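Undergrad: Sequence:
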Amino acid sequence: MLEIVNNQRKLKLEWKTFQEFAERAIILIPEIEHKSATIAFVSDRKIRELNVNFRGVNSTTDVLSFPFAADEFDLETDYLGDIIISVEQAERQARENDLTLENEIKQLILHGILHLCGYDHETDSGEMNTLELRLRKKLNI
Numbered sequence: 000m001l002e003i004v005n006n007q008r009k010l011k012l013e014w015k016t017f018q019e020f021a022e023r024a025i026i027l028i029p030e031i032e033h034k035s036a037t038i039a040f041v042s043d044r045k046i047r048e049l050n051v052n053f054r055g056v057n058s059t060t061d062v063l064s065f066p067f068a069a070d071e072f073d074l075e076t077d078y079l080g081d082i083i084i085s086v087e088q089a090e091r092q093a094r095e096n097d098l099t100l101e102n103e104i105k106q107l108i109l110h111g112i113l114h115l116c117g118y119d120h121e122t123d124s125g126e127m128n129t130l131e132l133r134l135r136k137k138l139n140i
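Positions 0 to 140 (numbering that gives the first Met the number 0) are the ones given, in order, by the sequence shown.
Check the hints yourself; a few may be wrong.
Stated by the list, open to error - The calculated lysine-lysine pairs, modelled on DSS-like cross-linking and capped at a C-alpha distance of 27 Å, are: (1) K15 x K34; (2) K34 x K137; (3) K9 x K45; (4) K15 x K137; (5) K11 x K45; (6) K136 x K34; (7) K15 x K45; (8) K15 x K136.
Unchecked claim - Distance ranges between label pairs, derived from CB positions: (9) R8 x D119: 25 to 35 Å; (10) E32 x S58: 30 to 40 Å; (11) L98 x E75: 13 to 23 Å; (12) L138 x R94: 16 to 26 Å; (13) N128 x T99: 13 to 23 Å; (14) W14 x R44: 19 to 29 Å; (15) S124 x E13: 34 to 44 Å; (16) S124 x N6: 33 to 43 Å; (17) E32 x K136: 10 to 20 Å; (18) N6 x L98: 18 to 28 Å; (19) R135 x R94: 16 to 26 Å.
No wet-lab data here; the hints were simulated from the structure.
Please read all numbers here as calculations on a predicted model, not as lab measurements.
Using N, Cα and C, we set each Cβ at its ideal position, and we do this for glycine too.
Construct all of the structure, not just a fragment, from the sequences and the given hints.
TA: See the structure below:
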């Protein structure tokens, strides 16, 4: 079960679309197909605050992932964790990348899910990026 939380007022989006997408994405990853997570849509201000508090980085970012099992991915845990997305940053990136806002947000959701599964593109020699590209093709984004 995925929960969508809208904590921003700047843009009106079809939240059901993103919930259905995230559920489809999770099914494609066998280890997590019956697990749950929360996806929160926030403002630039809020994601910057979270980025400072949890990563020590004083800037806006597109997506943050907070795994429930903080140290490493735990198959025994039913709850994967939280994905936080700045809708304002997603809107800017969609324009820059010539994507629809819907597809940009879907890419960020997928990216966040992979982080909740323990993948880290900064340290894994391309494993996360390869998997993410393969899943994007399967999900048509």
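Undergrad: Now tell me if each hint is right for this structure.
TA: Going down the list of hints, with the structure as the test:
Under the criterion of a C-alpha separation no larger than 27 Å, the hint pairing K15 with K34 is consistent with the structure, at around 18 Å. For a cut-off of 27 Å, the pair hint linking K34 to K137 stands: about 20 Å separates their Cα positions. Distance hint between K9 and K45 is fulfilled; the C-alpha atoms sit about 13 Å from each other, no more than 27 Å. Restraint check: the Cα-Cα separation between K15 and K137 comes to about 20 Å, which is no more than 27 Å; the hinted pair holds.
Distance restraint check for K11 and K45: the Cα-Cα separation of roughly 17 Å lies within the 27 Å cut-off, and the hinted pair is therefore satisfied. For the hint linking K136 to K34, the alpha-carbon distance of about 22 Å falls within 27 Å, and the restraint holds. At roughly 23 Å between alpha-carbon atoms, K15 and K45 fall within 27 Å of each other, so this suggested pair holds. Proposed proximity of K15 and K136 is supported: the alpha carbons are some 21 Å apart, at most 27 Å.
Take R8 and D119: their Cβ atoms lie about 32 Å apart, and the range 25 to 35 Å holds. In this structure the hint that E32 and S58 lie 30 to 40 Å apart at CB holds, the actual value being about 34 Å. One distance hint, 13 to 23 Å for the beta-carbon pair L98 and E75, is violated here, with the actual separation near 36 Å. In this structure, L138 and R94 meet the distance hint of 16 to 26 Å, their C-beta atoms being roughly 22 Å apart.
A beta carbon spacing of about 22 Å between N128 and T99 agrees with the range 13 to 23 Å that was offered as a hint. Judged by the Cβ atoms, the range 19 to 29 Å given for W14 and R44 holds: they are separated by roughly 21 Å. Roughly 37 Å separates the CB atoms of S124 and E13, a value that falls within the hinted 34 to 44 Å. Checked against the hint of 33 to 43 Å, the C-beta distance between S124 and N6 comes to roughly 35 Å, which is consistent with it.
The hinted range of 10 to 20 Å is satisfied by E32 and K136, whose Cβ atoms lie roughly 19 Å apart. Restraint check, N6 to L98: a C-beta distance of roughly 23 Å satisfies the suggested window 18 to 28 Å. At about 19 Å, the CB distance of R135 to R94 agrees with the hint of 16 to 26 Å.
Violation of the numbered hints given earlier is confined to hint 11; every other hint is satisfied by the structure.
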